[in-house]
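Can you build the whole structure from these sequences, using the hints too?
There are 2 protein chains.
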Amino acid sequence: MSRKLFTVGPVNVADDTLKAMDRPMITHRSKEYKQLHADIEEKLHKTLGTDNDIFMVAGSATVLLEGSARNAIAKHSLGLTSGSFGDRSIEVATSNGKQVDVVKVPMGKAVKPADIAGKVTKDIEAVHWVSNESSTGVYCDSVALAKEVRDQNPDSLVMIDAVTSMFAMDLKFKDVQPDSVVFGTQKALALPPGLAFVVVSPELMKKSEKMENKGFYTDYVKLKEKNDENYALTTPPVSLMYGVDYQLDKMLKEGMATRYRRHQEMADMVRKWADERMQGVFPEEGYRSNTIGVIKRGDLDFDKFHSIIKSKGMEISNGYGDIKKSTFRIGHMGDLTKDDIKQLLSVMDEALEEMKQ
Amino acid sequence: MSRKLFTVGPVNVADDTLKAMDRPMITHRSKEYKQLHADIEEKLHKTLGTDNDIFMVAGSATVLLEGSARNAIAKHSLGLTSGSFGDRSIEVATSNGKQVDVVKVPMGKAVKPADIAGKVTKDIEAVHWVSNESSTGVYCDSVALAKEVRDQNPDSLVMIDAVTSMFAMDLKFKDVQPDSVVFGTQKALALPPGLAFVVVSPELMKKSEKMENKGFYTDYVKLKEKNDENYALTTPPVSLMYGVDYQLDKMLKEGMATRYRRHQEMADMVRKWADERMQGVFPEEGYRSNTIGVIKRGDLDFDKFHSIIKSKGMEISNGYGDIKKSTFRIGHMGDLTKDDIKQLLSVMDEALEEMKQ
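Protein chains in written order, with UniProt numbering: chain A, 1 to 357; chain B, 1 to 357.
Take the hints with a grain of salt, since some may be wrong.
Claimed, not checked - In the PhoX-like style, the derived pairs of lysine-lysine whose C-alpha atoms are separated by at most 20 Å in a straight line are:
#1 B:K4 - A:K4
#2 A:K31 - B:K4
#3 B:K304 - A:K31
#4 A:K324 - B:K226
#5 B:K31 - A:K312
#6 B:K324 - A:K226
#7 B:K31 - A:K324
Everything labelled a hint here was simulated from the structure, so no lab data went into it.
Right, dumping it as structure tokens:
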């Protein structure tokens with residue numbers, strides 16, 4: 001049975017988008033491919049507000065989190081975490097033989113500049129964090145964190161996992177000046193999973209040129225060489241690229257400011273519901289995600305609650321990691337609207353009513 | 001304009017297959033996903049004739065060639081090559097810091113057991129080669145090579161890149177007993193690119209358990225842990241998995257023996273045309289691919305020839321690497337039939353006629 005997804009990702013893909021992907025294959029050595037590749041790069045620059053290089057690679061975003069770790073860190077980095085995906089991004093670096101100092105704050109809190117005071121020493125080649133922690137719904141202030149990193153060590157690179165925030169909340173490229181930003185198709189781009197992106201700075205590229213043992217698939221120097229000709233290094237997922245091109249047009253038409261506001265408004269609706277019907281949202285005030293509502297569920301029987309919601313044609317997400325049993329999550333990325341959220345909230349109200357009977 | 005692809009990959013994707021992929025998203029933590037994952041694994045075991053673990057990862061096949069190099073080789077391997085893709089598979093290992101001894105034979109020739117005599121010494125942890133070299137159209141005898149490797153060093157792992165042969169020519173799993181076989185969706189599975197597979201032996205898994213610095217995305221121990229529960233380690237490309245499931249059903253219905261014969265017959269037709277109209281096919285007798293015809297073109301003006309073919313709604317591939325200017329290539333994988341080849345050959349005849357005028 002087909003259900004409308006209010007999950008943390010993969011997210012709902014609209015019918016018109018699925019159709020846009022349903023075009024005959026072209027080979028990735030053709031002129032048509034070069035045009036498609038160039039168009040996407042140009043639209044990404046426009047929507048994100050950056051001129052930095054953007055590489056596309058077949059894979060889930062994790063492959064490029066690994067890529068950035070291998071291209072930018074020879075030995076030693078600082079990893080910030082406040083939840084499961086922050087923990088994972090540190091594991092990605094350590095599993096590649098990097099030594100990672102860790103700053104961990106309690107779940108529900110955001111890492112703040114004061115938490116990294118004195119920690120970005122001269123040998124810290126990069127500091128990396130998750131923009132929007134999907135397990136707790138915490139959105140950290142990347143502008144403030146990047147400033148603190150540079151104040152302590154101007155040579156340290158800033159690397160951000162923006163998987164569940166990009167295109168839904170403004171990362172403020174001009175203020176952050178990130179060296180690496182990674183995201184994928186299956187979140188706020190509202191496409192099926194399978195294509196990963198990284199936006200890289202000239203400083204990171206300089207570092208990559210001298211890096212050893214960085215592998216082939218995500219060697220940023222090799223990727224740039226091909227990208228400069230609008231080609232891919234290895235076979236790209238062409239049908240997803242049709243979808244990206246289509247979704248970026250949709251975004252440019254909507255306007256990014258309008259888009260960011262829409263996500264803010266959807267988040268406000270979910271938070272209000274959480275305050276009225278549950279025990280509020282989990283993350284601390286001022287650091288709340290506009291794409292994922294993590295709701296404190298108290299003694300709610302989530303399995304029963306969710307099976308009623310599913311029977312009404314919708315799906316949300318369970319809690320994740322250490323707070324799996326005390327929270328549940330509502331994702332509202334991509335093309336979802338306030339009307340969709342209104343519909344979901346009224347279905348959740350019905351479910352609560354039915355559970356009382 | 002839509003053209004029928006007789007390219008080396010991505011290959012033609014049939015309309016019914018595109019439609020099968022055009023289904024609503026499911027999340028990769030749902031029961032529906034587990035069922036899809038399990039179904040695909042079971043059908044892969046049936047079609048390939050092996051019980052070994054099979055991992056699926058979002059990416060092009062190169063990501064898993066890199067994965068096998070990182071999971072199986074601590075220091076030292078032997079790489080066999082007779083063309084561009086053999087060269088690349090060696091580069092994949094060296095760029096990950098492995099020391100690779102190289103056996104290189106002239107293009108058009110296959111690497112044979114005699115070429116590796118005395119070279120699989122005790123410290124060679126793995127020997128790797130390309131089953132079907134896409135630049136030259138050479139198909140090597142993996143049964144004979146694997147036997148020679150084991151005769152010299154029973155502990156050396158056998159790792160095969162089967163990107164353009166799997167599902168079109170019989171790899172003979174029972175005779176080869178390969179430790180790693182890598183392939184993707186965009187060749188003989190006749191799907192868009194974006195999903196990579198690796199079939200791994202228990203011996204390779206044992207090696208991986210002790211391997212350091214093998215990364216996260218393609219850590220085979222982590223992949224197995226999830227795969228055993230029919231889950232993916234990182235977000236899988238669900239829409240492509242719909243397509244894989246659909247294509248494997250098609251294959252089981254056709255029967256593998258019939259399928260392999262169909263590819264043999266298409267290859268025979270192309271070779272006959274090459275003998276009659278051009279200077280024959282490039283690879284040596286007895287080692288010719290059944291999925292890619294590499295044709296010696298003499299003084300044919302390929303650009304003109306190909307633009308006529310394109311104007312008639314078809315597309316073939318240029319030569320590749322060092323023999324780019326002396327050959328061209330015809331791919332016939334996946335769902336293409338003898339009737340399709342007949343149509344292509346008659347269009348190529350027309351093009352030759354037009355060029356005489």
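Q | Hint numbers not upheld by this structure, sorted from lowest to highest | A | 1
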